[in-house]
Structure formats: C-alpha cells, structure tokens
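Colleague: Working from the sequences, and respecting the hints, build out all of it.
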Amino acid sequence: MTDRMLTMSEALREAMAIAMEERPEVFILGEDIGIYGGAFGVTGDLYHRFGSERVRDTPISELGIVGAAVGAALSGMRPIVEIQFSDFTAQAMDQIVNQAAKIHFMVGGGLHVPLVLRAAAGSGTGAAAQHSQSLEGWFANVPGLKVVIPSSPYEAKGLLLASIDDPNPVIFMEHKLLYKVAGREEVPEGAYRIPLGVSRVLREGKDLTVVATGIMVSRAMAAADLLEKEGVLLTIIDPRTISPLDMNPVYASLEKTGRLMVVQEAPEHGGFLNEVIAKVVTGPSLGSLIAPVARLAGMNIPIPYAPQLEKAAVPQVEDIVKKAREIVADWR
Amino acid sequence: MTDRMLTMSEALREAMAIAMEERPEVFILGEDIGIYGGAFGVTGDLYHRFGSERVRDTPISELGIVGAAVGAALSGMRPIVEIQFSDFTAQAMDQIVNQAAKIHFMVGGGLHVPLVLRAAAGSGTGAAAQHSQSLEGWFANVPGLKVVIPSSPYEAKGLLLASIDDPNPVIFMEHKLLYKVAGREEVPEGAYRIPLGVSRVLREGKDLTVVATGIMVSRAMAAADLLEKEGVLLTIIDPRTISPLDMNPVYASLEKTGRLMVVQEAPEHGGFLNEVIAKVVTGPSLGSLIAPVARLAGMNIPIPYAPQLEKAAVPQVEDIVKKAREIVADWR
Amino acid sequence: MTAATLKIGDPLASHENARYALLTMSRIRRLEEAVEDLFGRGMMHGTMHLSIGQEATATGVCMALRLEDQITSTHRGHGHCVAKGADLTSMIAELLGKENGYCHGRGGSMHIADVATGNLGANGIVGGGIPIAIGAALASKMMKKGTVAVSFFGDGAMNEGAFHEAANLAAIWKLPVVLVCENNGYGMSSSTHLAFAIKTLAERGLGYGIPGITVDGNDVAAVYAATQSAVDRARAGDGPTIVECVTYRWKGHSRSDKNLYRTKEEIDEWKKKDPILFFEHVVREKNLMNDEEIAAVHAEATSQVIHAVNEAMKGVPADPAGLLAAVFKTADSVEVSA
Amino acid sequence: MTAATLKIGDPLASHENARYALLTMSRIRRLEEAVEDLFGRGMMHGTMHLSIGQEATATGVCMALRLEDQITSTHRGHGHCVAKGADLTSMIAELLGKENGYCHGRGGSMHIADVATGNLGANGIVGGGIPIAIGAALASKMMKKGTVAVSFFGDGAMNEGAFHEAANLAAIWKLPVVLVCENNGYGMSSSTHLAFAIKTLAERGLGYGIPGITVDGNDVAAVYAATQSAVDRARAGDGPTIVECVTYRWKGHSRSDKNLYRTKEEIDEWKKKDPILFFEHVVREKNLMNDEEIAAVHAEATSQVIHAVNEAMKGVPADPAGLLAAVFKTADSVEVSA
Ligand SMILES: Cc1ncc(C[n+]2csc(CCOP(=O)(O)OP(=O)(O)O)c2C)c(N)n1
Ligand SMILES: Cc1ncc(C[n+]2csc(CCOP(=O)(O)OP(=O)(O)O)c2C)c(N)n1
Ligand SMILES: [Mg+2]
Ligand SMILES: [Mg+2]
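Protein chains in written order, with the working numbering: chain U, 1 to 332; chain P, 1 to 332; chain W, 1 to 338; chain F, 1 to 338.
Among the hints, erroneous ones may be present.
[Said to hold, decoys possible] With a cut-off of at most 25 Å between alpha-carbon atoms, the simulated BS3-like pairs for lysine-lysine come out as follows: (1) W/Lys174 with F/Lys199; (2) U/Lys322 with P/Lys279; (3) P/Lys311 with W/Lys329; (4) P/Lys311 with W/Lys314; (5) P/Lys256 with U/Lys279; (6) W/Lys258 with P/Lys180; (7) U/Lys279 with P/Lys323; (8) F/Lys314 with U/Lys311; (9) U/Lys279 with P/Lys322; (10) W/Lys273 with W/Lys199; (11) U/Lys206 with U/Lys279; (12) W/Lys174 with W/Lys144; (13) U/Lys180 with F/Lys258; (14) W/Lys199 with F/Lys174; (15) W/Lys199 with F/Lys199.
[Stated by the list, open to error] Quick look at which bits of chain P chain F covers, simulated, 3 or more residues with Cβ under 8 Å: (16) 68–77; (17) 94–104; (18) 110–121; (19) 160–169.
[As the list claims (entries may be wrong)] Here chain U is said to cover these stretches of chain F; the calculated rule only asks that three of the stretch's residues, wherever they fall, bring their Cβ under 8 Å from a Cβ of chain U: (20) 43–57; (21) 101–108; (22) 121–132; (23) 186–195; (24) 253–262; (25) 323–329.
I should point out that these hints are in silico values taken from the structure, not numbers from a laboratory.
Beta carbons are placed, not taken as given, at the ideal position from N, Cα and C, and that holds for glycine.
Modeller: Okay, here's the thing in structure tokens:
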C-alpha cells in the first residue's frame with residue numbers, strides 16, 4: 001500500500017480541490033460543508049483552503065440551495081451541491097427535475113446548467129428508512145440529467161472531475177459505506193478524467209456476466225474472488241454512469257458467457273438495472289442468453305434500522321455468491 | 001351509447017361522491033378543486049354538493065397539502081389529494097416518499113396512512129416539459145406506495161373506490177387526455193371496486209402479447225383493431241396497478257404468443273415497464289419467448305411544446321402498429 | 001425595438017421615458033390580444049396565461065433594470081419578456097411552434113427565455129423561478145458583476161416552499177435581488193384573502209428580515225420608483241426587498257377558466273383602473289404627451305405586433321429531427337451564459 | 001410511569017406537579033445518558049441525537065397537553081417521547097433493534113412513535129413532521145375532537161419549505177396547532193446567527209399572521225406557561241402560535257460531531273444554565289421540594305432507566321422474516337389510529 005491508496009472521501013476532496021484550483025467559477029454549497037467538513041467528512045479542510053465563499057455553508061433548505069445552484073450555473077458559475085443524504089433530494093426534486101434537467105432543452109439551447117449534485121446514498125449505517133435509500137432510478141428516468149455512481153476512490157475522482165467539466169446537470173451518487181474505505185487501486189495525484197458514458201470491465205470470466213453498480217461492484221468483486229476458488233469465473237462490469245449507459249461491454253461479454261446477472265441495492269421492483277436487462281433482451285443479445293437473467297436487488301421494503309434487518313434488506317456478498325453459483329450450475 | 005358512457009372525469013367524480021357519502025372521513029383537498037371545479041374539471045360540482053370543508057381548496061403549497069393529508073390520514077381521516085399536474089409531485093416528494101410511504105413500516109405498524117393522491121399525468125395538451133411528465137416509475141420504485149394507472153372511465157371509477165378503501169397510500173395517475181373521452185364500456189351507476197393488483201386482459205390474440213399502461217392501453221387497442229384487418233392478432237393486457245403488479249396473465253399469454261411488447265409513455269431509459277420485461281426474462285417465461293422483446297416508449301427527451309414535436313415524443317397508434325407488425329413478421 | 005433601445009429611468013422623467021413606458025405597455029397589450037386571437041383561431045396550441053391589465057408592473061420594474069440585470073419570470077410571462085426587451089417575432093414564432101421561435105418550438109409560452117436581455121426564462125412551475133433568481137444574484141455577487149436579479153412571481157407563488165427557502169437565503173447572504181410579487185388577487189381561483197392571513201403580502205418579508213413595500217401595480221411610475229429603490233439597495237449590497245405590486249388580471253387564469261370565483265362587477269371595477277389609460281391620463285396632465293402622440297404610440301405598437309405575427313407565420317414548423325440532440329449541451333459547443 | 005400517570009398543569013402549581021416535572025426531566029437525562037453509554041459500548045447501531053440540556057422544553061410543553069393531544073417529533077426526539085408518556089423499555093428495546101421495541105427494530109431512534117400517547121412519531125427529515133402536525137390538527141377540527149397538535153422542530157427546520165407551507169395552512173385555516181421551535185442555537189453546525197436575518201425566531205410568524213413568543217427553553221415553568229396559552233388559543237379555535245424555546249444541546253449534533261463550530265466556553269456557559277439544576281433551585285426556593293425529595297426523584301429516574309435497559313436487553317433481536325409483510329397494512333387487520 002502506498003500513500004495513494006486513498007479513501008473515496010479523500011479522492012472526492014482531491015477532485016473538488018483540483019477543480020477549484022483550475023477554475024474560479026467552481027464552488028461548493030451545502031449544509032455543514034464548511035467548518036464541520038461535511039456530514040460524511042468529504043469536504044474536510046476545503047473550507048480552510050478555499051474560504052467560506054467558495055465552500056459555502058447553507059441553512060437547511062435543500063430546495064433553495066439546489067435552486068440557487070441552478071441560477072448560479074445559468075449565470076456563469078459551476079456549482080457543486082452537496083446533499084447530506086440522497087433521500088433529501090426529495091426536498092429539491094422540483095429544481096432538479098423540473099428546472100435543471102429541462103432548462104437547456106425547454107429554452108431551445110440558449111441556456112445550460114453546469115451543475116453537479118453530490119449526495120450520499122445507500123444503506124448500511126443503521127440510519128433507517130429516511131436516510132438509506134438508493135434513488136438513482138428516479139433520476140435515470142429523467143431526460144436531461146446525467147447520473148454517475150462511483151464504485152471506488154479511483155473512479156470517484158476521475159468521474160467527479162469529468163462531471164464538473166460537463167455543461168449539463170449531473171447527479172453524483174456516493175455510497176456512504178465507500179467513503180471511508182480505500183479501493184483496490186491507487187489514485188493518481190493530479191487531474192484525470194473518466195469520461196461519462198463508458199462502462200468498465202473490472203474482471204473477465206467465462207461463466208457469467210455481472211453488471212453491478214455502486215457498492216455492489218466491490219461486493220461482486222468479492223463474490224468473484226470466492227467463486228473463482230470453486231472454478232466459477234465471473235465477468236464484472238461497472239457501468240459507472242447509468243445515464244448515459246454504455247452497454248457495449250455487456251453485449252460483448254454475453255457472447256462469451258451467455259449468462260447475465262444484475263446486482264443493485266435499490267429495491268427490485270422498478271429498479272434501474274432493469275434497463276440493462278431490457279436492453280439485452282430487446283436486442284440481438286437475447287440470442288446469446290443460455291440462461292434466464294438473474295436479478296439480485298434490494299427487497300421491496302423501506303430500509304430497516306436494526307443491523308440484522310438492514311443486512312437482510314440488500315444484497316450481500318454471500319447472496320451474490322449463491323445466486324451466481326446457482327445460475328451457472330443450473331444452466332450449463 | 002347510453003347515458004352511462006361516462007368520461008373519465010365523470011367516473012372519477014362519481015367514485016369520490018360515493019366514497020364521501022359512504023364515509024364521513026373521506027374528504028378532498030387540492031388547488032382549485034372548489035368553485036373552480038378542478039384544473040381539469042374532475043371535482044366539478046362536488047364542492048356544491050359536499051361543501052367547502054370536505055372539498056377543500058388550498059393555497060399553492062403541494063408539500064404542505066400532501067403533508068396535511070398525511071397527518072389527517074394518521075388521525076382518522078381518509079384524504080384524497082388532487083395534484084393539478086403530476087409534475088408537481090416533485091414539490092411534495094418528501095411527504096409522499098419519505099413520510100407517507102414509510103410511516104407504517106418505520107413505526108412498526110402502529111400507524112398507517114390511508115391516503116389517495118390523484119394527479120393528472122402525461123402529454124398531449126401542449127403544456128410542455130413541466131406539465132406533461134409520466135412519473136409513475138418514481139413511485140413504483142418506492143416500497144410502501146401503491147401505484148394505480150386507470151386506462152378508461154370504467155377502470156377509473158372502480159380503481160379509485162378501491163384506492164380510497166385501501167389503508168395505504170395510493171398514487172393514482174390519471175392521463176389528462178383521457179379525462180374528456182368516454183370509454184368503450186358503460187360505467188355502472190353505484191359502487192363497485194376493482195381490486196388493486198389484478199391485471200386485465202382486454203383482448204386475446206395469438207400473435208403478440210402487448211402490456212400497456214394508461215393512455216397507451218387505448219392506443220394499443222386501436223392498433224389491435226387495425227392489425228386485426230391484416231390478420232395480426234394481439235393480446236392486450238392492462239396491469240391497472242403497477243405496484244402491486246400482477247404478471248400472471250402475461251405469463252399465461254406468452255405461452256400462447258411467444259412474443260412480448262411493452263408500451264409506455266414515460267421515457268424509455270429506466271422506465272417502469274422494464275419491470276415487466278425483467279419479470280418475464282428472469283423467470284420461466286423466458287423459455288416461451290420466440291422473439292426479442294419489443295419495447296415502445298417515450299423518447300428520452302423532455303416533452304416538447306409544438307404539436308408535431310409532442311406527438312413525435314411519445315408512442316402513437318401508428319408506432320404501435322408498425323412495431324407490432326415488424327415483430328410478428330420478423331419472428332415467425 | 002431591440003434590446004439596444006431599452007430605456008431606464010422614471011417613466012415620468014421625460015417625454016422620451018413616458019413614450020417608452022407607454023409603448024412598452026401597449027406592445028404587451030397588443031401582443032397578448034394577438035395571442036388570444038391566434039388561440040381563438042386554433043392557430044396556437046397548449047394554453048395561455050395573459051397578463052392583460054398587469055402591463056404596468058412588468059414595464060415599471062424593467063425600467064429600473066439595466067440590460068445586463070437578470071430576471072426570472074412566470075407562466076404569465078409575456079409582459080416581463082417584452083419589457084426586458086425581447087424580440088416580438090421570436091416570441092410569437094415560439095407560440096406558433098416554429099423553428100425560428102425563441103425555443104425552436106420546444107418550450108412554448110411558459111419557457112421563453114432570452115439570453116441577450118438577461119431573461120432567465122418564464123417558468124411553468126409556480127415559484128420555480130425564485131430560487132433561480134437568487135442563484136443568479138449569488139453569481140453576480142461572487143463574480144462581482146454588479147448586476148441585480150429580479151424575480152417576478154405571483155401572489156400564489158408566495159405560499160410555495162421555494163419562495164421561503166429562496167427568500168431566506170437572499171436575506172442572510174444579502175444578495176442583490178428584488179422579489180417582485182405581482183399580487184393580482186388570485187392564484188388561479190384562490191383569492192389572496194383566503195390564502196393569506198396577513199394584510200399585505202409585503203409583510204411576508206418580516207419573517208425573514210426583508211423589507212417590503214406595497215405599491216399600486218397599475219401605476220407604472222409607482223412601480224418604477226419602488227423597484228428603483230429596491231434595485232439601489234440591492235446594488236449597494238444591502239440585500240433583497242419585496243416589492244408587492246397590487247394589480248389585476250382581466251382575463252381568465254388560462255383558457256379553461258370560467259371565472260366562477262369572481263364577479264363581473266369586480267372585473268369591471270378593475271378595468272376602470274386600466275394601467276394604460278391611467279398612464280395616458282397622467283402624461284397628459286403632466287404635459288409629457290398629447291393625444292396625438294399617444295395615438296401614434298399605440299399605432300406603432302399595433303403595427304409592430306402585426307409585423308411580428310406576419311413574420312412569425314413565415315417560419316417553418318419546428319422539426320422533430322433535432323429533438324434528441326437538443327437534450328444535452330455538448331461540451332464543445334460555444335458556451336453562452338446569461 | 002405509564003401514560004395514565006401523565007400530569008398536566010403548571011410545574012410550580014403543586015408539589016405533585018413539581019415532582020412530576022423534575023422526574024420527567026430526570027428520566028429524559030438518564031435515558032439519554034444510558035443511550036450514550038450503550039452507544040459507546042457498541043451495543044447500539046446507527047447514530048444518536050441527544051437532547052441533553054433541552055429537557056425542560058419537552059417537559060414543559062407536554063405538561064400543557066392532554067393524553068389525546070398529538071405531537072410530531074424530530075430526530076432529537078427522545079425527550080418528547082418520554083415527556084408525552086412513552087414506555088422506556090420499548091424505547092430502549094427499539095434502539096437495541098429488538099422485537100419488543102416500539103418499531104420492532106424497523107425504525108430505530110428516529111422513528112419511534114407511540115399511538116397510545118398521541119405521539120405521531122419522531123422524524124428523520126428536518127421539518128418533516130410540521131405538515132403532518134397541521135394535518136392532525138385539521139383532522140381534529142374536522143372531526144371536532146377538541147384535541148390540539150404540537151409540532152416540535154428545531155431552529156434549523158424553520159428554513160425548510162415544509163415549515164413555510166404548513167405554517168401558512170395552519171394560519172389560514174386557524175388550525176388547533178402549536179409550533180414549538182426548540183432553538184438550540186444550531187442546526188447541526190449552522191448557527192442561527194448565520195441562518196436567519198431576524199432577531200428572534202418567533203418573528204418568523206409575522207409573515208403568516210401567526211403570533212409568536214420567545215421563552216427561556218431551560219425554564220420548564222416558562223415553557224409550560226407559554227405553551228399553555230398557545231394550547232388555549234388553539235383549543236379555542238383561534239389558530240396556531242409559535243413558541244420559541246431558547247435552549248442548548250450539550251452534546252454534539254450526532255456521534256460524528258467534533259464540535260468545531262462552537263467553543264468549549266460556550267458549552268460550559270450553557271451547562272451552568274442546566275434546566276434540571278435550575279428547576280431544583282426554583283422548587284427549593286419555593287419550598288415545593290427539599291433536597292431529600294429531589295434526590296429521591298433522581299434515584300427513581302435512574303432506577304427506572306436501569307430497569308428499562310435490563311428489560312430491553314432481554315428482548316429477542318428483531319427478525320427479518322416479517323419484513324416483507326410489514327410494508328403495507330392489510331385491509332382486514334384492526335385499524336388503529338392515533
Ligand atoms: C408548483 C405548481 N403548482 C401549481 C401550478 C398550477 N398553476 C399554474 S398558475 C397557478 C396560479 C398561480 O398564481 P399566482 O402565483 O398568483 O400567479 P398568477 O397566475 O395570478 O399570475 C397555478 C395554481 C403550477 N404551475 N405549479
Ligand atoms: C431535510 C433534511 N435535511 C438535512 C438533514 C440532516 N440533518 C439532520 S438533523 C440536522 C440539523 C437540524 O437542526 P435543527 O432543526 O435546529 O434541530 P437540532 O438538531 O438542533 O435539534 C440536519 C441538517 C435532514 N435530516 N433532513
Ligand atoms: Mg395571482
Ligand atoms: Mg437546532
């Protein structure tokens with residue numbers, strides 16, 4: 001381990017610092033991002049480095065601050081809004097969906113909204129039903145928004161820099177369990193961008209193609225490690241951005257494996273990864289399938305509080321192992 | 001045509017009147033539902049019949065009124081909230097999603113929220129991007145909400161009465177183009193309930209199973225009429241409620257047709273009907289498919305204003321005809 | 001008229017200003033009459049929200065603004081748009097769904113924006129523009145632009161959470177913004193008397209520490225004066241002001257309105273307070289304009305609107321082919337910001 | 001203590017009332033100390049928001065409420081819950097994720113509700129409970145129940161749109177509701193001085209026509225008196241009142257708080273204004289209780305909490321098997337409403 005094995009918080013902070021150094025119009029606004037350093041410590045010392053104007057603490061007014069960011073973005077700034085928990089995007093949905101997403105299109109192209117909305121998503125911290133949702137599917141079904149889900153510190157930094165560059169509104173969903181853990185790879189020191197709309201193949205294996213997002217990517221990787229010992233070999237694909245969605249590596253992989261499994265934390269019913277399934281079976285890839293598609297997702301329940309309940313509510317490594325093993329064994 | 005060939009507005013109004021006569025705890029609240037009779041005329045004369053307490057005009061405060069309805073529902077009333085355009089549920093998302101949907105579960109069952117939220121959805125009236133969305137997918141991915149999409153006056157009345165009876169929060173999405181048209185069948189005079197969670201097979205044909213929601217049901221029926229002349233026979237299934245979703249008739253039909261097409265107005269990317277596709281291909285029904293699944297949905301764009309643009313943005317009868325014809329011709 | 005001919009200053013300060021104020025109000029009135037006519041003849045799609053009767057508000061406010069000052073507008077936004085200097089042909093072409101419309105037919109009446117004149121857009125969402133305006137003001141402050149942002153909104157909008165959160169941010173950050181509430185007595189059918197438990201809507205500001213002033217919204221000079229002092233405060237760094245303009249809409253809320261919630265007498269009463277007739281009266285009294293000049297102004301407005309309608313009609317219908325590519329701005333296209 | 005032993009009335013009206021007020025505050029303090037301890041020992045999951053230092057507010061407010069009056073509470077809700085009469089064992093069991101917890105382990109600290117005592121629930125959403133409370137008040141009015149609803153919320157919550165929309169509805173409909181703002185000086189790290197441009201938060205009511213009063217939130221008798229008059233107004237049909245209780249939280253916002261946004265001196269200063277010590281002082285002065293009685297009350301609170309913790313520990317861990325069935329209420333199950 002070198003000192004570049006950053007946590008995701010550190011990687012995100014580096015990306016924001018670089019962007020703020022590169023461009024005077026980049027600034028951050030959100031609740032408790034200043035002296036407090038962010039509810040999850042992501043902004044950390046940025047307040048001390050860039051001052052209270054550019055690392056701007058706000059009152060508890062999600063709708064107001066997202067709206068203010070929209071107006072600032074229309075007027076030459078590049079705001080990054082931090083929403084403490086993605087559940088509170090519910091407060092700001094009008095500005096996100098009816099304003100930010102649509103302005104460029106509605107007004108005929110004369111205005112645009114270069115805005116990044118970062119939010120802490122997902123369960124696992126015992127914060128219960130109002131602080132643990134995985135709401136990316138809402139935003140993916142809204143034309144005009146880009147939706148990014150980083151799965152590691154390395155990805156987080158490159159994707160955030162690309163998101164800040166993007167002239168369109170980007171919803172950036174950070175899984176809170178990833179904040180404090182280092183990834184499997186080093187995070188380069190300077191600026192680098194990971195283009196939005198390019199899936200990543202993390203690992204190739206002949207038996208099963210797994211498409212996973214967010215925290216499920218590392219769980220799928222852990223499952224793949226375990227299954228490898230049994231001789232079951234997984235391909236793991238992380239779309240990184242679900243809008244736009246790059247399906248090419250999935251199609252290519254399915255030609256080899258013939259088996260598809262999607263893994264998401266969001267509730268199964270109507271969840272986003274259905275889009276991956278739909279794209280596969282509405283296209284020529286349907287012919288490559290030699291097994292029913294396997295779907296592993298959150299239970300159709302609000303996230304419960306007690307640890308044993310919370311764990312049961314969303315896919316864990318052992319659930320992935322079990323389902324993957326089954327699908328490979330049952331369909332030879 | 002008898003005088004019981006009601007429009008959907010009339011059918012909905014009848015349902016509300018019956019419910020208010022049956023139970024003193026039923027009341028309606030919303031913007032301009034009183035003397036004005038509702039933005040789309042749905043409440044009509046109910047204000048004069050039931051008075052300003054039970055047909056309660058509110059200021060323009062969607063979050064406040066949904067919240068008030070939640071509080072009233074927790075305290076023994078059965079509110080029906082009318083939201084003028086479903087796009088404005090964005091204003092009230094916190095109360096819908098973080099409160100209404102989760103309270104019964106979060107508090108351990110001691111409280112429940114018998115609330116119906118009616119909203120006018122969909123495009124076709126030239127109201128543009130902020131007044132024309134089809135947002136049912138958001139709610140379908142939120143455990144704790146039931147989501148109803150009536151496709152005709154007959155369905156609307158029976159489903160609304162069942163929704164008012166339901167002890168849980170129900171999102172009731174009414175397509176605005178359906179308000180003023182009479183359906184294909186009579187609307188019985190008194191009370192009748194259509195249980196939530198039972199799909200309806202409107203027509204049976206051997207060539208293709210079409211699952212459509214809302215306004216797309218009548219478009220699919222019109223397409224089926226046209227295709228019948230060419231000898232292409234469609235099965236049309238209307239799930240009526242997308243949460244809960246009854247798939248049994250779909251599975252049964254696919255055994256006969258082997259071909260599936262889903263039709264929705266919402267943008268394709270991440271839209272709800274992917275759930276139908278996912279359910280089919282993750283289960284034994286995958287084996288019945290003899291053709292790739294056909295998916296017809298709204299373009300991935302905000303709804304535009306000009307009539308020619310607006311039409312192009314969402315599936316029309318001719319699009320359904322064309323796609324259905326293709327899929328049947330190409331996969332014999 | 002183009003943006004370059006915008007006039008700033010007291011409508012009663014000079015003949016030139018008076019002429020400009022009258023012309024602007026007349027242009028708004030004529031434009032909206034033309035819209036109503038196009039709608040009635042089935043040439044326009046969707047719905048329409050006319051501000052006939054409220055012309056003095058848009059005009060008086062915008063006469064206190066510089067070209068580079070920004071506004072956010074509402075569903076009832078034609079007047080704001082015209083008063084800020086928009087091109088009539090592009091406006092009407094938009095309503096007709098033409099490619100040469102402001103939004104290439106994608107937005108329609110409720111989404112017209114005009115980057116050149118600092119108009120950040122009408123808005124179909126009641127209250128939706130208020131947070132956006134304070135964001136524009138925040139950008140102005142951070143970038144030291146010296147510009148002011150004005151948010152137009154209705155009485156009804158004041159009860160939306162968006163107003164509240166935006167107003168408080170503007171107050172605590174002392175943003176250069178003016179909150180112009182066009183109180184026309186109703187939010188659709190909902191009377192301000194039933195929707196508020198305060199006497200004037202300017203009082204709403206008390207809860208945020210925002211000073212407020214209530215003016216006769218049908219008196220263009222009074223509107224100008226109140227706005228100008230609010231703009232001065234804003235530009236001086238002293239923060240937001242609420243300017244409540246009491247006015248009235250003559251027409252229904254939108255095309256589907258049967259006016260059941262108000263009386264014919266009330267409407268007639270307000271028609272007597274026609275902001276255009278009132279201003280004509282004042283300028284005559286003050287010897288700023290005579291009958292002939294006044295008539296010439298109206299004739300000019302009429303001919304401008306007729307011309308605009310004719311030009312707009314010549315446009316080609318908006319083409320669906322470009323829709324998908326219009327959703328996102330591409331990184332390499334030239335950056336235009338208001 | 002059970003709901004049946006709830007006391008209503010001035011904490012200083014009698015020995016009995018004083019004893020009850022002190023016992024309630026002491027129970028809250030001890031309970032939260034126990035929670036902190038359980039948390040520190042890794043036996044509790046998630047996070048915790050302690051109201052230590054704010055006990056007089058919950059207690060004073062609830063002493064003005066009848067059992068059937070309703071409350072909505074917040075993320076910092078243990079005190080409200082206890083003061084409204086909740087069962088300590090069920091509370092702690094919930095925090096420990098046990099089947100016998102109030103929510104069967106599904107909700108945790110931020111979602112405890114108690115139908116029996118009219119507690120409509122804590123809320124993880126800042127401001128989330130305010131519209132719910134006014135809805136409860138609306139139901140009370142429509143059903144002519146004669147009950148009052150109280151919404152507890154923090155200073156920070158006042159800047160949410162939810163406060164605004166709810167406050168206005170309460171004002172125009174004259175709902176029987178009391179808006180209790182616990183102003184503890186901070187919304188997480190955000191100081192009220194930076195988040196508001198008004199002097200007292202009770203002034204926020206001016207913009208809605210809602211009368212407001214600011215009281216020392218650490219003086220249980222003052223809190224009681226202000227609430228009682230607000231409750232009287234509400235019950236009489238005169239509408240809402242804002243009661244601002246100025247208080248302070250001794251502990252960090254939640255477990256992750258490093259207290260960087262405030263000074264140790266400030267915290268120490270406020271510890272001197274301990275609401276429990278202050279009340280002890282007053283009751284001694286007024287000869288309502290002596291040292292011995294006071295010590296006995298604390299001992300009783302301590303033993304109740306110890307007992308509750310022990311009982312709670314005995315509960316079985318919540319079982320995932322029931323989760324799916326817990327999402328929807330089934331039509332045939334018995335209807336329970338608060
Ligand atoms: C959030 C939202 N709620 C409701 C509507 C429907 N609506 C459009 S205009 C209007 C009335 C607005 O009243 P006001 O703000 O006073 O403006 P006015 O129409 O009087 O100019 C309503 C209810 C909307 N467009 N947006
Ligand atoms: C809508 C929403 N925004 C932000 C948060 C995160 N959060 C939880 S408590 C809190 C501070 C609340 O401050 P205040 O209302 O004053 O209550 P206090 O914590 O001081 O009791 C914040 C920002 C939240 N839970 N909900
Ligand atoms: Mg109005
Ligand atoms: Mg506080």
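Colleague: Would you mind marking each hint as holding or not holding in the structure?
Modeller: Against the structure, the hints come out as follows:
A hinted pair counts as satisfied when its Cα atoms are at most 25 Å apart, and W/Lys174 with F/Lys199 qualifies at roughly 16 Å. Distance restraint check for U/Lys322 and P/Lys279: the Cα-Cα separation of roughly 20 Å lies within the 25 Å cut-off, and the hinted pair is therefore satisfied. Between the alpha carbons of P/Lys311 and W/Lys329 the distance comes to roughly 23 Å, so the proposed pair stays at or under 25 Å and holds. Among the hinted pairs, P/Lys311 with W/Lys314 is consistent with the structure: their alpha-carbon atoms are about 22 Å apart, no more than 25 Å.
Of the pairs offered as hints, the one joining P/Lys256 and U/Lys279 holds, with about 24 Å between alpha carbons and a cut-off of 25 Å not exceeded. In summary, the hint linking W/Lys258 to P/Lys180 is supported, as the alpha carbons are separated by about 17 Å, within the 25 Å threshold. Of the supplied pair hints, the one linking U/Lys279 and P/Lys323 holds, its CA atoms being roughly 16 Å apart against a limit of 25 Å. Between F/Lys314 and U/Lys311, the direct Cα distance comes to roughly 22 Å. Compliance with the 25 Å bound is thereby established for this hinted pair.
This hinted pair checks out: U/Lys279 and P/Lys322 have alpha carbons roughly 20 Å apart, not beyond 25 Å. With a C-alpha separation of about 21 Å, the suggested pairing of W/Lys273 with W/Lys199 holds against the 25 Å cut-off. Our distance criterion of 25 Å between C-alpha atoms is met by U/Lys206 and U/Lys279, whose separation comes to about 21 Å. A hinted pair counts as satisfied when its Cα atoms are at most 25 Å apart, and W/Lys174 with W/Lys144 qualifies at roughly 14 Å.
Taking the CA atoms of U/Lys180 and F/Lys258, the gap is about 17 Å. The hint holds against a cut of 25 Å. Between W/Lys199 and F/Lys174 the alpha-carbon distance is near 16 Å, which keeps this suggested pair within the 25 Å criterion. A threshold of 25 Å between alpha carbons decides the hint, and for W/Lys199 with F/Lys199 the separation of about 22 Å falls inside it, so the pair holds. Under the rule that three or more residues need a Cβ within less than 8 Å of chain F, the assignment of the stretch 68–77 of chain P holds, with 10 such residues.
Counting residues of the stretch 94–104 of chain P whose beta carbon lies closer than 8 Å to any beta carbon of chain F gives 6, which reaches the threshold of three, so the coverage claim holds. Given a C-beta distance limit of less than 8 Å, the hint that chain F covers the stretch 110–121 of chain P holds, as 3 residues qualify and 3 suffice. Remark: the stretch 160–169 of chain P is confirmed as covered by chain F, as 4 of its residues place a Cβ nearer than 8 Å to a Cβ of that chain, reaching the required three. A count of 3 residues in the stretch 43–57 of chain F with a Cβ less than 8 Å from any Cβ of chain U is obtained; the coverage claim is therefore met, three being the minimum.
Residue count for the stretch 101–108 of chain F with a Cβ under 8 Å from a Cβ of chain U: 5. That meets the three needed, and the coverage hint holds. Figure legend: the stretch 121–132 of chain F, annotated as covered by chain U; annotation consistent (6 residues with Cβ-Cβ distances under 8 Å, at least 3 required). Chain U is given as covering the stretch 186–195 of chain F, and this holds because 6 residues of the stretch bring a CB closer than 8 Å to a CB of that chain, at least three being needed. Under the rule that three or more residues need a Cβ within less than 8 Å of chain U, the assignment of the stretch 253–262 of chain F holds, with 5 such residues.
Closer than 8 Å: that is the beta-carbon criterion, and the stretch 323–329 of chain F has 4 residues meeting it against chain U, so the requirement of 3 holds.
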